[in-house]
Structures are given as C-alpha cells and as structure tokens.
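S.K.: Starting from the structure of chain S, add chains H and V where the hints point.
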Amino acid sequence: MEVKIKSMKYEDFKDNEYIEQLIKQLQESGTNVVVGSLDELINWGRSNSLWPLTFATSCCGIEFMSVGAARYDMARFGFEVARASPRQADFIMVAGTIVHKMAPVLKRLYDQMAEPKYVIAVGGCAVSGGPFKNSYHVLKGVGEILPVDVYIPGCPPRPEALLYGMMQLQRKVKAERYFGDVNRQEKKPKELDK
Amino acid sequence: MGKIQEKIASFLPEAVFEEGQYLTVTVAPRKWHGLARFLHDDPELQFDYLASLIGVDWGETLGVVYYLNSTKYNHWVIIKTETSDRENPLLYSVSDVWESANLNEREVYDFYGIRFINHPDMRRLFLREDWVGYPFRKDYDANPDINPIPVSNEEANDKTVVLEETEEGTIVEKEKILFEKDEYVVNIGPQHPATHGVLRFKTSLNGENIKKIDVHCGYVHRGIEKLWESMTYPQTLHMTDRLDYLSAHNNRHALCLCIEKGLQLEVPERAVYIRTMMDELMRISSHLLFFATMCMDLGGLTAFFYGFRDREKILDIFEETCGARMTMNYNVIGGVMADIHPDFQRKVKEFIAYMPDKLKEYHQIFTGNVIAQQRMKGVGILSYEDAINFDVTGPSGRGSGWACDVRKRTPYAAYDKVQFKEVLRTEGDTFARYMVRMDEIKESLYILEQLVDNIPAGDYAVKTKPVIKVPEGRYFQQVEAARGAFGVYLESRGDKFPYRLKVTSPGLTLVGAVDHLTRGAKIADLIAIGASLDYVVPDIDR
Amino acid sequence: MFDFSIITHWIDNLLRSWMPENAALFVEFVLVGVVLLLTYAVIALALIYIERKVCAFFQCRLGPNRVGPYGLLQSVADMFKMLIKELIEIKHTDKFLFNLAPYIVIVSSMLAFGCLPFGRGLIAIDFNIGIFFIMAVSSIGVLGILLAGWASNNKFTLIGAMRSGSQMISYELSIGLSFLTMVVFAGTMQTSGIVEAQSSGWFIFRGHIPAIIAFLIYLVAGTAETNRGPFDLPEAESELTAGYHTEYSGIHFGFFYLAEYLNLFIVSGIATLLFLGGWMPFHIGGWEGFNQIMDYIPSVIWFFGKVFVVMFIIMWFKWTFPRLRIDQLLRLEWKYLVPISLVNLLLMVLVVIFKLHF
Chain S
-9 MEVKIKSMKY
1 EDFKDNEYIE
11 QLIKQLQESG
21 TNVVVGSLDE
31 LINWGRSNSL
41 WPLTFATSCC
51 GIEFMSVGAA
61 RYDMARFGFE
71 VARASPRQAD
81 FIMVAGTIVH
91 KMAPVLKRLY
101 DQMAEPKYVI
111 AVGGCAVSGG
121 PFKNSYHVLK
131 GVGEILPVDV
141 YIPGCPPRPE
151 ALLYGMMQLQ
161 RKVKAERYFG
171 DVNRQEKKPK
181 ELDK
Chain H
54 MGKIQEKIAS
64 FLPEAVFEEG
74 QYLTVTVAPR
84 KWHGLARFLH
94 DDPELQFDYL
104 ASLIGVDWGE
114 TLGVVYYLNS
124 TKYNHWVIIK
134 TETSDRENPL
144 LYSVSDVWES
154 ANLNEREVYD
164 FYGIRFINHP
174 DMRRLFLRED
184 WVGYPFRKDY
194 DANPDINPIP
204 VSNEEANDKT
214 VVLEETEEGT
224 IVEKEKILFE
234 KDEYVVNIGP
244 QHPATHGVLR
254 FKTSLNGENI
264 KKIDVHCGYV
274 HRGIEKLWES
284 MTYPQTLHMT
294 DRLDYLSAHN
304 NRHALCLCIE
314 KGLQLEVPER
324 AVYIRTMMDE
334 LMRISSHLLF
344 FATMCMDLGG
354 LTAFFYGFRD
364 REKILDIFEE
374 TCGARMTMNY
384 NVIGGVMADI
394 HPDFQRKVKE
404 FIAYMPDKLK
414 EYHQIFTGNV
424 IAQQRMKGVG
434 ILSYEDAINF
444 DVTGPSGRGS
454 GWACDVRKRT
464 PYAAYDKVQF
474 KEVLRTEGDT
484 FARYMVRMDE
494 IKESLYILEQ
504 LVDNIPAGDY
514 AVKTKPVIKV
524 PEGRYFQQVE
534 AARGAFGVYL
544 ESRGDKFPYR
554 LKVTSPGLTL
564 VGAVDHLTRG
574 AKIADLIAIG
584 ASLDYVVPDI
594 DR
Chain V
1187 MFDFSIITHW
1197 IDNLLRSWMP
1207 ENAALFVEFV
1217 LVGVVLLLTY
1227 AVIALALIYI
1237 ERKVCAFFQC
1247 RLGPNRVGPY
1257 GLLQSVADMF
1267 KMLIKELIEI
1277 KHTDKFLFNL
1287 APYIVIVSSM
1297 LAFGCLPFGR
1307 GLIAIDFNIG
1317 IFFIMAVSSI
1327 GVLGILLAGW
1337 ASNNKFTLIG
1347 AMRSGSQMIS
1357 YELSIGLSFL
1367 TMVVFAGTMQ
1377 TSGIVEAQSS
1387 GWFIFRGHIP
1397 AIIAFLIYLV
1407 AGTAETNRGP
1417 FDLPEAESEL
1427 TAGYHTEYSG
1437 IHFGFFYLAE
1447 YLNLFIVSGI
1457 ATLLFLGGWM
1467 PFHIGGWEGF
1477 NQIMDYIPSV
1487 IWFFGKVFVV
1497 MFIIMWFKWT
1507 FPRLRIDQLL
1517 RLEWKYLVPI
1527 SLVNLLLMVL
1537 VVIFKLHF
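Chains as they are written, first to last, in our numbering: chain S, -9 to 184; chain H, 54 to 595; chain V, 1187 to 1544.
Okay, chain S solo, but in the shape it has when bound (with noise of 0.2 Å):
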C-alpha cells in the first residue's frame, strides 16, 4: 500500500521503506472495514490540517516564516494555522539549538500540547547538537528529551526542505490508527493513566 500525496510521486520520496513496514505493522494486526474506513477518514482529517505551535529559537525559525511566508506559503497543506498555544497546537517544530537552560521548558511545552502531538527536529541543532555540539550549554539533539517523527537536517534547511519534512509528518500521520492501539513511540506514562 502506498501513502499518497497530492501532487508527488511516491518514488520522489525517500524513506519509503520505512512508511511501508508501518503500513505491514498495521495490516497483520488487521480490522474490520468499517473501523478501517473511519480510521482512514480520521487520518485523512488529522493529516491535512496539522497546525504547528509558532516555537523558535534561531536561524531555523526564520526559515520557518519564510515557509508560512508568501512564497512557500505552507498554507497550501493546510499547515496554515500556526498557533501560539500549545494546547491547539498539533506538531512542534523544534527549530533551533535546544539548551540546556530551555530544555525543561521544551518539554513543558510538549506535555502541554494535546493529543495527537508530534514533534519535528529541523536543522543540525536540533538533530543533533549541529555545529555547537562540543558546547557545554547545548543539547545533542532534541531526542535527547522529545519522542521526535521526523528529522530535517540542513543548517537551516531550505524552506523546501522544511515542506517535504511536514509532509513526510503528513504521511507518516496517515499510517496511524485511531481506533485499536495506536502505533505511536511514546507510552503513556503510568501515573496519568489513573
């Protein structure tokens, strides 16, 4: 099965295989047509109106606002609503260097987000620490404290970078399930379950 995305090939993608083996994941465990149906309906919905929480830290965030800016224009994707608070937010973009004075805030913002919630780490820094990686300050990596989807690397990346990695997200959402268990990295911790 192919995850499609209006108006690009599905070989122009990169990391199809990776897209495949969730789609195998959620086929073994199979379901009935009907669940499938509302499910697709629901990931056909969550996909395409994914709004990001406006978070910035440095340069990347600036490519970020070129990418909502008139050229780029992410609203085409429906990435149009960037809200400002992370209760209505659906993915972070964590663009820019995550130190070690911001890191508990990061994560606030992400335990403040609601569910479904992803997270997108753009640029070297947020990747992996970047160019200030030997710095006694900066985080290697977002990972370090987030579950993250997906990983734009680039210093900063272009703004056509920034879009294939929200749709990689896009493709990624649409191999979900709603109904049943949900295929996502993070569990639930146990205290919140009461």
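Treat the hints loosely; a few may be bogus.
As the list claims (entries may be wrong) - Output of the computed footprint for chain V on chain H, the stretches with three or more beta carbons under 8 Å from beta carbons of chain V: (1) 241 to 252; (2) 348 to 355; (3) 420 to 432.
Said to hold, decoys possible - Examples of chain H residues toward chain S, derived with CB under 10 Å: (4) R181; (5) W184; (6) P203; (7) S205; (8) H274; (9) A301; (10) F358; (11) A377; (12) T380.
By construction, these hints were calculated from the structure, which means they are not laboratory data.
Yeah, the Cβ is synthetic: ideal placement off N, Cα and C, and Gly gets one too.
M.R.: For chains H and V alone, kept in the frame of chain S given last:
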C-alpha cells in the same frame, strides 16, 4: 605621550600605561571606580560610551577589559583591571557610571565568577541559578555529569543579591527583593510570539500597565565564545553567521577584519567591494524582516508577507553567489570564499530598481495608517543621553539622535569611498526607530548603486597560510551590523587558537534598555517597543 | 418572488394531518433546530475557508489548495481533526465553569443566528421584538468569554477576558444606539416588518445621512463585537499568546473558533437586515420594470450575497489594519462613537418627524 595619558596620569599616578592599537591603562580594582567616574565626567575626555566589557581569565588572574569611547571626540582608551583571588574574585561595578555595564557585568559573573561590588543585581545572566562552576574559566571542568540536562523547571526566584562594602572595608551580601509576593507577575516568554525567539520578560503588571520588567536571557546560550577557544581561526568564522543570523555577513566581516588586523593582511580591493555590497544587502534584508515582524507584532498581518516577499529577492542573490540562503559562510580571512556569480551585478541592479516602489507600498499600507502611527508615536521614548548610557547603538540609537554609525565614525571596508547619509531622528520613540530603518534601506540602496558597477577586477582573496597564527596582542574591531555596533575582541597568545575571542553584540544592550523604556507603558507598548528595538535572541545569548 | 413560507406551510399542514397538534409542533421544533444547526455548521466551515482564501489573496499567497478541489475540504479536515483531539483537563481550574464557557459562547451565537431572516418566509421565529432579542442573546457571549478567561486560572487568559469584557460591553452601546436609530426609522422591531419596510428602497438609501452614519458606526462596533482585527485585543496573538482561549484544546477550542466566524456572519447579517434590506431585492421606488427584474433573483441569494459583501469588508479591515491598544480602543468608543451615535439618533428622529427621508 598623548593628552589622555597625561590626564589619567595626573588623576591616578599609579596607573600603568601600554601603547597599542589604543592606549591601554591598567588600574588596581580599588581605584577603578573613581577613575571611571573621572573618565566619564571630565569635559576633555568624556568617555561616555562603553563599547565593550570583556571578562578574561589570564591564568593567574581574572579580570575585565573595558573599551571606552567618547562620542564627542571619538577617541578610545582601554582599561584593564584584574584580581588574583580566584576563589572569591571581587571587582568594583561601574554600572552606575555606564548603565550598559549592568548586564555585561552580570555576564562576566556568569562566565568567570567575578562578583561586582555595588552592582544592583548580582545574579547569573545566561545560565541557570543551579549551574555548577564558571564555564569560561580555563580550569572549568566540562564533565557533563556535573551539569546534566536539567529535568526540573527552574525555581522562580524573586530575589537578588547586592554586595556592599562597609566603611571598614568588609563586603556584606544584602538580599534585594525584585518582585513582591502580591504583584501580578506575568512571564512573557520564553515561548511567546512577540519575543522573537526565546527571551523571557518577567513582567509585573498593574492592570494593563507595566510596573517593572526583569529580563531573563540564556534560553539559547550556546557558549560560542568558549567553543572558539578550542577552534582554529578559520573554524571560528563559521559561528558568526549563527550569532545574529540576520546580519550574518556583517558579523563575519567583523571577525575577518579583526583577524586580518592581527595578521596585518591586506585584503584585495575586489574583496573589499564585494564585502561592502554583501553587508548592505544583508542590512536591507534584515530591515525588511524588521518591517515584517514589526507589522506582525502590531497586528498588521498582511504587511508581514510583503516584507518577506521582497526579502526573498535578496536571498536569491545571496544564494547564487554564496550557495546558501541564511548562513552564507562567505567572508574568509583575506577576502571572500568565492567570486561573485556572473548574474550578481544584474540582479543587484534589478533589485535597486525594484525596491523603491515597494517601499512606497509599505508606507501606504502601514506607515501612513492612523492606527499604526498612534501605536508607534510617543511610545517608548529613549533620550539621547540614555541611548548612549544604555549603549543602544544602531538604528535604535540613531532614532534618538545619536550619530553612532560605525560606517561613518571609523570607516572600514569601502565605506570611505561611497557617499551616504547617516539617517538620524531626534524623537527617540518607536516611530523614529521604525522610520530610521525604513530610510536606511534607501541609503543602503544608494550605496549599492555606487558600488555595483565599480567592482574592481583582481583577486577575490589573498592566499593565506594553511595554519593561521595571529601574533600576540589584543585586537578590537567594530562594524555596523544591521542592529548596531558589533564589536569583536581578540586576545591572542600567538597560537593557532584564539586565547579569548568575544563579540560585543548590539542585542544585549538593547534588551538592557527594555525595562527603562517600558516603565508605565501598556502591554501592547512592550510589544511595539520590543519590535522596534529589533533584537535577535541568539545574538544576545551567543 | 418565491415565498419559502409555501414550503413551511405545506410541511406544517402535512404534519398536522398526520399527528396531534402538540406532536406536530414538537416535530417542527426539532426539524427547525436540526436545519439551523446544520446550516450553522456548514456556514462556519465555508466561512473559515473563505477567510483563508481571502487573506491568502491579500497576502500574495495561494491559500489552501491541496485538500479537495481548490482546497475546498480544508476546513472539513480541520473539523475532523478538532473533533477527535484530546480535551486537556487542567489542574487547579474551576472544571465546571471551564467546560461550560465554550458552550455559552456557541449557544449565544446560535440563538442570534436562529433569528435571522434568510429569505422570504425563511425565518425560524418572527418576534415582534426580534432585533431586541438578537441583541440580547448575542451579548450573552461575553459572559462565556469572561468565564473562559477566569476559569482557566491563567494570567494571560485573565487579561484577555478582562480586555474582552471592557471591549464588548463598551461597543454594545454603539451597536445598540445604531440599532435604535434604525428602529426609529423602521417603526418596528420585528425582523419581517423591517425587511418589508425596505421594499421601496433599502434603509441605507432612504434614511440617507443618519442611516449612513449609523451603518458606518455599526460596521466599526460590529467588528469590535466579533473580536476581529483591528479589535482582536482579547486574543491578540503577539501579546497574549491566544488570549482568553489559551488553555482550551480540542473541540472546546473549536467552539470558540466556530463562534468567532459565526459572529462575523451574524454581524454582517444584521447589517444586511437593518441597512441593506435583508433579503429584499434592490428596489427603486417607482421603477416597476426594474424592480420586477430584480425580483427574479431568489431572496436567499440576495441575503447571502449582501452578507458576503459586508463580511468581505470586515475581513478587509482585519487584513489591513494593525491592532489598536486598549486605551485607544476605549477612547474611540467613549469619546467618538457614542457621542456621534447619540447625535445621530437625534438627527434620525428629526428626519422621521419632519419626513425628510425618501
């Protein structure tokens, strides 16, 4: 023996003098405050502008280097003061003489552990209160186990410490309360759309009115200056683009100039012209982004897109020549990385023809608007004296009438070969700061116009040795970045690594003035003032 | 001109012939309710899409164009997402009020929506105090906003709610006064009566100077009532993150979001009703031929067409003007709009007494 030396010698006979790029004076910590007052107030010296305040660890001693400048006479002096007590280093604060020393001294405390007597607010500036050790000391233990990634939120601390000297000469610590228990304190930031990054304003409110603001920096403090101390000179260049990414060329230009000054390297004329043009293009793109975000912060969303639309045109030019949109890595020691693209001149000319119309459009959609004018005029007034005292340079300072343009005061690159007007306004309010930037776009276009057809032929870079070693000494270079005077201080011991490399970013002092500017203003004014100061957070935090 | 009351009467008679009168009435209530709710939802989704496209074109962009043809299904996708998004429970809040607030907001806008005359004979209830009722229910909304801000236990929401309270209560005055001006002119508060009174020419033309002034004041005050730019202080994004609804997630936030757009529709609808003739076609007194041609266009299209024109103007405001500051906002109301409205009311009374209108 110059006049400055005579004056200082007559005031303080035990001062030690040293000739160099500028006159260097070494004073004992105990005498420094008196001398500072004298330097600032003496009518023939008038060192009213503290251009840079640098903490240094000289191994045996810890100390501070001050670069002082007089706005009236434009003469310089370097003051050096040091203490050999590494356990509990104490120096005297000069923040009552130069207001801009306030945040800078906190930075020195944060990095070197030097505490300043009589400083009104002796807290860490960038790192968390619970950080162990002082990272910029040469003997700092960088073991990540000592300072692991924090998982808990930072404790809210409404108190600060002031060190006072009693008459007998003992130092007492006094606690000072910043915010009372029953104050309505709102944290604007670190994640907030109006702070342009991760800056935190701890704001005490009375209804809609602001009573007090406490600025918290360091949410993107990356320790670049410490990293530099273990990098070779060509490597250090890459970090400058990521400081104030909106004036990447200018920053890198400053560092290159500083290193070239140390190496006494003559840069080819062609490279000088290209650098100047790139600087001006960068300035325009930065000011366009300023326009965009200023409008967005004031609620005019459409203008935001207009600014970005035109900024893309400049990014296209950069991309062709430098290969990147934002972190260009274009200037190198001895010239530029590559020759300009064949289309460069044509594209720049097209842009020069394109931009004036768009500026008119901006003025129609935003500047002329009644609401915009009401939001900006008379808001956040910064007087001429305060601008100098708070070290508010760049367009923000020129909005207060301070002719602080480094391009005019101490011309570098090709700025002495071109004609341009230094845009000055005397109102000092948000509108003045805004208009200065809009008019500077025009001046930058004019500079580009003069240079675009006159780029001399020749090499675009001189060949440098594979391993660059800057001779021992102290070098300082300022350039006019998009946000103000950007200073680079380089202390070399003749190695291939810099011993101490510090940038004096315009952003830190801009933020230092926010509390002063917003007293009694409304929340909405804070947003307008913050937008008009146009700071970039990684530039502040470094 | 097609009268929709034919259909409604037919359904009424059909139901009455089948079942006892009370049961028929009950079924009718349910039917009307469902139809109104559906229209409400559809209009809200359409409006969100329109707003995005309009703002995109103002900003040299394309706007949503991937989801469905021309991005038409964009807001539907948003709705699906919003419906299943987690509702976050927040500690240290007044849970009852916190959950109640979005419902108050949406119910008040639904009530006002239900009273609009969409076409000839297409009106749910035709009170003799219709305009008064609309005004009363639409001002309940501010209560919901205040509650939302208060119950969230967040300093930003509280500031947002207080701003919104002072703003809405102030601008209610101008709205009321401009309503009153037109009621004086129409001589009735009944919505159907007001529309009928404009059969020989819309009020904005017949009432000339005072009507135009009232219309302009209403447009300004109406924009302020809907919390839209340049009066979007309660949710000023660059100042208060998201204002009074900062802490709301999922469909509760969706309610605020929908209500904002529907209030835009209601404000434009009332402007249409009071000044632009409601569903009444463009008539010029005495030109029978012209009037007949105009009558061929269905009344529903007239109504929605006019509403969209007014809405476009209000959107235009939002995407052009920067935001006001709170003191400037209140100064505008108390120092300019209210006195002008009062004088304007007097002027209208004089016009009516001396029959100076067309």
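S.K.: Are 3 or more residues of the segment 348 to 355 of chain H near chain V, judged by a Cβ distance of less than 8 Å?
M.R.: It holds, with 8 qualifying residues against the three required.
S.K.: Under 10 Å is the threshold here; is the Cβ of H:A301 close enough to any Cβ of chain S for the hint to stand?
M.R.: The hint holds - H:A301 has a Cβ within 10 Å of chain S, the shortest such distance being about 9 Å.
S.K.: Can you tell me if the segment 420 to 432 of chain H counts as covered by chain V, using C-beta to C-beta distances under 8 Å and a minimum of three residues?
M.R.: It holds: at least three residues are needed, and the segment 420 to 432 of chain H offers 5 whose Cβ sits within less than 8 Å of chain V.
S.K.: Is the interface hint satisfied for H:A377? The criterion is a beta-carbon contact with chain S at less than 10 Å.
M.R.: Check passed: Cβ of H:A377 comes within 8 Å of chain S, closer than 10 Å.
S.K.: Holds or violated: is the Cβ of H:H274 closer than 10 Å to a Cβ in chain S?
M.R.: 6 Å, holds
S.K.: Taking the least C-beta to C-beta distance, is H:S205 closer than 10 Å to chain S?
M.R.: Nearest chain S Cβ about 6 Å off; hint holds.
S.K.: Regarding the hint that H:P203 lies at the interface with chain S, is the smallest CB-CB distance below 10 Å?
M.R.: 5 Å, holds
S.K.: Next item in the hint list is H:R181. Is there a CB on chain S closer than 10 Å to its CB?
M.R.: Holds, because the Cβ-Cβ distance from H:R181 to chain S comes to roughly 5 Å (cut-off 10 Å).
S.K.: For the restraint on H:F358, tell me whether the closest CB of chain S is nearer than 10 Å.
M.R.: With a minimum Cβ separation of about 5 Å from chain S (threshold 10 Å), the hint on H:F358 holds.
S.K.: Can we keep the H:T380 interface hint, with Cβ of chain S closer than 10 Å?
M.R.: 6 Å, holds
S.K.: Would the hint on H:W184 stand, with a C-beta cut-off of 10 Å toward chain S?
M.R.: It holds, given that the least Cβ distance between H:W184 and chain S is near 8 Å, below 10 Å.
S.K.: Would you check chain V against the segment 241 to 252 of chain H, counting CB to CB pairs closer than 8 Å, and say if three or more residues qualify?
M.R.: Holds, because 3 residues of the segment 241 to 252 of chain H bring their Cβ atoms closer than 8 Å to Cβ atoms of chain V.
Hint compliance for this structure: every hint is met.
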